[in-house]
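**Q** If you want the building blocks of each chain, they are given just below.
There are 2 protein chains.
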Amino acid sequence: MTAGPFATATEVESAGEHAYLGSIAPGWDIAGNANGGYLLAIGVRALVAATGRPDPVTATAHYLSPGRPGPVGITTAVVKEGRRFATASAVLESDGRPLLAVLGTFGDLTEDAAALLVDGSPPDLPPVEECVHLAPGGAWPPPFNARVDMRLHPDDASFARGEPNGIARVRGWFRLPDGEPVDTVGLQLALDAFPPTIFNSDLPVGWTPTVELTTHVRARPAPGWLRCRFTTRFVTGGFLEEDGEIWDAEDRLVAQSRQLALVPRG
Amino acid sequence: MTAGPFATATEVESAGEHAYLGSIAPGWDIAGNANGGYLLAIGVRALVAATGRPDPVTATAHYLSPGRPGPVGITTAVVKEGRRFATASAVLESDGRPLLAVLGTFGDLTEDAAALLVDGSPPDLPPVEECVHLAPGGAWPPPFNARVDMRLHPDDASFARGEPNGIARVRGWFRLPDGEPVDTVGLQLALDAFPPTIFNSDLPVGWTPTVELTTHVRARPAPGWLRCRFTTRFVTGGFLEEDGEIWDAEDRLVAQSRQLALVPRG
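Sequence order for the protein chains is A and B. When the letters of the first sequence are read in order and numbered with our numbering, they come out as residues 1 to 266. When the letters of the second sequence are read in order and numbered with our numbering, they come out as residues 1 to 266.
No lab work stands behind these hints, which were simulated from the structure alone. Heads up, a few of these hints could be off.
Pairs involving identical chains hold if they fit within one copy or between any two copies, as the list cannot separate such chains.
[Unchecked claim] Below 20 angstroms or equal to it, Euclidean Cα-Cα: the simulated DMTMM-like pairs (lysine to aspartate or glutamate) are:
id, residue 1, residue 2
1, Lys80, Asp155
2, Lys80, Asp95
3, Lys80, Glu93
4, Lys80, Glu130
5, Lys80, Asp178
6, Lys80, Asp149
7, Lys80, Glu250
8, Lys80, Asp243
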């Protein structure tokens, strides 16, 4: 089996004790800066290797500098190796500049415990073909949109016509192109792939750099399209949060996320 | 001004380059294990010292071993010092055993930007004197309940009588005893002080060890009682999340949290 484009673009190789080499591939950027979920996925691949555990149960990334195409050095440290989980940290650097600090706990999510409480449901989306495909074109939609296959709920895509609907929410379908499966590392990408929720608000905010992103993975996704929902409730103190949920084709919640982003002072 | 009991119990002192010494004080435990927010506060104090920035804008803790009273060594690493923020990590150890790994971004929240979107409100609580004070007594409520002053919404305290109301939610008032102000480090404690939401569910879960806790601080709290709300929507895959909000006496959202906890296999 040949590795898919996402797996290839997030590959890491060992480069000595606790050190890995990866690379930011071209085309994974938005306005020149590598997508945050993509960067996190590179760090998570290094930590999967460092811990020997296949699944990121929870990972937190702090974004330090924009990522540009080119080689990335990853230094890892395993803090604890337990029976069920291992906890480890990583710093990604490029040209001697820190890009990303990651702290995560890794395990094996093969076994899926029963759902005991589910107070929520997948987003109600029209069929894929009735949703909006923001295909890349010029500066916007960005080239990144060719690396993922996202289809937005029509109600949440009006911002792209300059007509935000006033609700800081984005819902849509997600998969990887070329039939590449989305594993638990791929979920890290999906959790930060959609346009910012704030684009659908009435606020004149064009750019919200992520300070911190935390992901929780509950289960390995079943094959097929994923349904995603991102919402923002509070834009205060110069920050906003964006909460994400991903549901798989079997109607299971497979991941949650929360990020803290800056609201640049106008 | 004399430091209050919380400030004293979370004090750290420099112990060489990047190293600090603190101590887990007695009485901050639940069934013998130090409260998770208290442990995080010790780590955050070390990182405030290491970064020279007064406020934890966001901090993530991974819980590795239970904390017992006694000395704690804290090793810190500053990953990036920027103009506005600094990002740093810490590992707390006791008897050569790692207790906690922390990654945080620190800054100065003196200036408070305008609230641009507030889709939510403080929990609607009866007056403090009509809420339920789970005063410590024997094994439960735990001795920890004397270190904080928490008053639960009567509807959310029925679990303490063995009559959970079936809603995985806990709302209540919070302050520190003896008039000690709650600063942004104190918020780390408040975000993990209340009884688990799951105690109010119908699920027979008695113990939910925290894997990971992430805090976001939006503003320094105004003096006075804080209003807190914790909710759990998904108990799946052997995990649950608990989302927290803290509102201050001026009706401002001052902090959010999300934690991932294990649901032990019955």
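**Q** With reference to the structure, classify each hint as holding or not holding.
**A** Each hint tested on the structure:
no. : hint              : result
1   : Lys80 with Asp155 : neither (45 angstroms within a copy, 40 angstroms between copies)
2   : Lys80 with Asp95  : between (29 angstroms within a copy, 14 angstroms between copies)
3   : Lys80 with Glu93  : between (23 angstroms within a copy, 11 angstroms between copies)
4   : Lys80 with Glu130 : neither (47 angstroms within a copy, 45 angstroms between copies)
5   : Lys80 with Asp178 : neither (37 angstroms within a copy, 38 angstroms between copies)
6   : Lys80 with Asp149 : neither (37 angstroms within a copy, 34 angstroms between copies)
7   : Lys80 with Glu250 : neither (34 angstroms within a copy, 42 angstroms between copies)
8   : Lys80 with Asp243 : neither (28 angstroms within a copy, 26 angstroms between copies)
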